[in-house]
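The task is simple: from the sequences and hints, build the whole structure.
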Amino acid sequence: MFWFHLNSPSGTNRNSRRSALTDYLASNNISAQQIRDDWDRRQAEAQRQPDQAQQESSNAAEESRSPSVLESPEDPIKKRKREQAIARIKNSKEFAKRKARLTGDCDDDDNDDDFLALQIHEAKNRPKPGQLANCEICDKRFTVTPYSKAGSNGGLLCVDCSKKQKADEKKPPAKKRAPGIGRRQNQANLLDGLTPHGTQTLLETCIKKVADYIHDIEDFGDLPPSLLLRLGQILSRRRAVTSRTLDLFLRPQYTSIDLFDCAKLDTDDYHRILASMPRLTRVNLRFTTPMKDQIFHYMIERDMQIKDLHLDGPNLVTDACWRQLFMKLGHRFLSLKLWNLDDAFDNETARLMCLHCPNLRRLKLKFLHKVDNEMLEGISTLKSLQHLSLRFLHETETKTELLLEIMGSIGHQLETISLEEFESADDRLLQHIHEHCCHLTKLRLTLNSTFTDKGLAAFFTDWSNPALTYVDLNSLRDVDMTNPTGPEEPIGLASDSFIALMEHSGSKIQHLNIASCRHVSYKAFEQVFAEGKIYPNLKYLDISFSTVMDDYLTQCIFRCCPALQRLVVFACFKIRDVHIPRGLALIGTVGASIKIDGITQTETI
Amino acid sequence: MAQSTESEFVTLVSNDGFEFIIPRSAACVSSTIRLRLASSKYKEGSTGRCNLDELRGAVLEKVCEYFCYNEKHKDQVNVPDMDIPPELCLELLMAADYLDT
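If you're matching them up, the sequences are chains U and E in order.
Counting along the first sequence from 1, when you hit position 79 you're at 79 in UniProt numbering, and nothing is skipped either side.
Counting along the second sequence from 1, when you hit position 13 you're at 13 in UniProt numbering, and nothing is skipped either side.
A portion of the hints provided could be inaccurate.
To be verified - Straight-line distance between alpha carbons at most 30 Å, and here's what the computed DSBU-like set of lysine-lysine pairs gives:
id	chain 1	residue 1	chain 2	residue 2
1	U	Lys-508	U	Lys-366
2	U	Lys-208	E	Lys-72
3	U	Lys-366	U	Lys-264
4	U	Lys-595	E	Lys-74
5	E	Lys-74	U	Lys-539
6	U	Lys-166	U	Lys-264
7	U	Lys-595	E	Lys-72
8	U	Lys-166	U	Lys-81
9	U	Lys-539	U	Lys-366
10	U	Lys-128	U	Lys-166
11	U	Lys-79	U	Lys-166
12	U	Lys-595	U	Lys-533
13	U	Lys-78	U	Lys-140
14	U	Lys-539	E	Lys-72
15	E	Lys-74	U	Lys-208
16	U	Lys-454	U	Lys-442
17	U	Lys-149	U	Lys-78
18	U	Lys-208	U	Lys-128
It is worth saying that the hints were derived from the structure and are not from the lab.
Below, the structure written as structure tokens:
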């Protein structure tokens with residue numbers, strides 16, 4: 001406008017006389033002409049308005065009647081602005097949301113819309129945090145904070161008044177859980193081994209609480225190692241093991257450390273573990289992704305007395321370093337467990353391991369990408385080995401012959417065997433185990449579709465080995481999709497072998513997993529869990545995917561296994577309505593009605 | 001011995017002298033206390049009075065609260081965990097370990 005006056009004195013010959021300013025404006029694409037025209041137009045409009053305003057005033061009075069409790073004499077510009085703001089609010093998402101919430105209670109028309117829009121408008125115009133305002137109730141002056149509560153009329157409340165109001169609002173009715181709603185939580189608890197009735201032990205409750213407040217704890221005090229282990233488990237599960245919480249676990253006087261999730265630690269933290277616990281003999285660390293060569297070098301330099309080394313996923317450690325470790329410290333190793341190594345640890349390293357760790361009693365190698373049949377030869381030379389656990393990658397072709405050799409040379413001293421996913425191993429392996437092993441307590445042979453029912457039955461019949469306590473034979477079955485019942489001569493653990501197994505080990509067995517052994521017949525189950533048979537020590541039984549299982553058989557199982565704590569029945573859809581004893585967790589039922597000592601719970605999906 | 005089997009309540013005493021009288025059945029959730037009360041060799045067996053010198057009053061109070069909480073809810077499903085004040089939880093953890101509950 002100022003520029004306009006500069007330019008305007010002679011309106012007649014605007015084209016001929018241009019000021020410097022006009023030139024400057026033109027060079028920036030602003031036309032003085034345009035500015036002047038706009039001004040003229042606005043002037044003209046302003047003159048016309050008084051007439052219109054008079055006409056509108058009658059309408060406006062009517063319009064403003066509804067929401068404007070707070071209406072005060074305002075100038076028309078302010079009012080127009082507010083109306084525009086309200087119109088904008090009416091179009092906004094928030095308005096739509098609030099309206100949707102309200103319509104449940106009252107479905108009036110426009111009046112409500114106006115009122116609601118006004119409310120939102122007021123809420124937006126409330127004093128900002130840090131400003132002063134008067135309390136709506138007691139009129140006291142106070143400083144607004146982000147936590148200040150709004151009163152019933154839209155104003156803000158002071159601290160005292162909002163406390164009073166909150167106290168009135170509080171005490172919502174205690175929510176009663178409808179049956180079925182907590183199904184997911186119930187199943188999760190069952191999988192954690194919690195029985196669905198009664199309280200948890202005080203110990204578990206406290207450990208959970210400590211885990212909740214782990215970041216406020218500076219020192220654990222004199223916690224015994226067993227509790228430290230349990231806390232480590234819970235914190236690992238919550239993924240709360242960090243450099244900060246690690247400090248709580250570092251005890252110079254303790255000789256073992258177990259951390260099941262080290263993913264958030266870095267190389268320095270591993271140094272800290274080794275440096276502050278010089279007496280370590282047992283190192284059990286999982287998810288050790290950031291572990292590097294230096295850590296092993298440190299162990300070697302200090303000549304640490306490590307006997308048990310359990311590491312999951314230390315992929316940054318090189319083959320050269322592994323070999324050095326075995327050469328320098330291997331003679332002390334009593335147990336070695338390694339999981340998930342994809343970049344290092346090849347057959348040559350495995351060979352050196354067998355060579356330099358002659359005292360190994362326990363060896364577990366799972367999912368090592370670079371080893372295969374070749375390393376099996378070395379295992380036969382471990383003359384102290386008592387526990388063997390192997391699982392290669394799915395793609396690895398395995399040969400039965402090498403396993404036979406292992407059984408032939410060290411089978412007599414083995415106490416536990418776990419061979420998973422040796423798909424092509426055949427009945428000869430069973431014969432060799434039958435022949436050579438006589439001290440086994442635990443046997444795991446899983447994911448195989450080559451063993452025959454006959455072979456397995458012969459294996460468990462007249463076996464000189466005493467009764468087993470831990471048996472996992474899951475997924476021994478034929479996998480021909482076109483023939484779900486399997487061939488005439490049953491493949492895998494079927495009726496005969498199941499009966500033979502329970503004949504052999506029934507007296508001592510504690511843990512039995514026969515999930516997916518789907519050729520076991522109804523009759524065989526009936527015979528094994530017949531009246532009069534008793535398996536006094538059986539605590540864990542997994543019969544998932546045994547589709548013949550029904551309510552009757554389940555009750556038979558409960559009768560024959562008085563100590564049973566967990567029964568896993570995924571995909572046993574014929575279990576519909578069971579009465580389970582106290583203290584037992586039935587896992588994996590779908591939509592079954594379960595009765596525990598008079599308490600009925602109906603599950604829904 | 002005869003007397004202790006009759007009495008329905010037992011007294012637990014903390015190291016700072018607080019006494020808590022609670023039902024025997026509730027206290028016997030703790031196998032430590034159960035063994036001490038059941039044994040005729042110990043004084044506790046005959047008097048039904050257990051001195052727990054390892055626990056101070058505030059902790060023992062919470063322990064007793066747990067005993068009763070456990071007794072009350074033992075036949076119910078989906079019982080929520082008892083509320084434990086965070087400042088007590090480490091001490092209580094040690095106590096729970098000692099009492100084997």
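Do the hints match the structure? See the list:
1. U/Lys-508 / U/Lys-366: 28 Å, holds
2. U/Lys-208 / E/Lys-72: 21 Å, holds
3. U/Lys-366 / U/Lys-264: 23 Å, holds
4. U/Lys-595 / E/Lys-74: 16 Å, holds
5. E/Lys-74 / U/Lys-539: 22 Å, holds
6. U/Lys-166 / U/Lys-264: 41 Å, violated
7. U/Lys-595 / E/Lys-72: Between U/Lys-595 and E/Lys-72 the Cα gap is close to 20 Å, so the pair holds against 30 Å.
8. U/Lys-166 / U/Lys-81: Cα-Cα ~35 Å, so violated.
9. U/Lys-539 / U/Lys-366: Given pair U/Lys-539, U/Lys-366 holds - Cα atoms ~27 Å apart, limit 30 Å.
10. U/Lys-128 / U/Lys-166: Roughly 21 Å between the alpha carbons, so the hint for U/Lys-128 and U/Lys-166 holds.
11. U/Lys-79 / U/Lys-166: 35 Å, violated
12. U/Lys-595 / U/Lys-533: With a Cα-Cα distance of about 24 Å, the restraint between U/Lys-595 and U/Lys-533 holds, given a limit of 30 Å.
13. U/Lys-78 / U/Lys-140: Holds, at roughly 28 Å.
14. U/Lys-539 / E/Lys-72: 28 Å, holds
15. E/Lys-74 / U/Lys-208: 20 Å, holds
16. U/Lys-454 / U/Lys-442: Since the Cα atoms of U/Lys-454 and U/Lys-442 sit roughly 21 Å apart, the hinted pair holds (cutoff 30 Å).
17. U/Lys-149 / U/Lys-78: 27 Å, holds
18. U/Lys-208 / U/Lys-128: Distance of about 41 Å is beyond 30 Å: violated.
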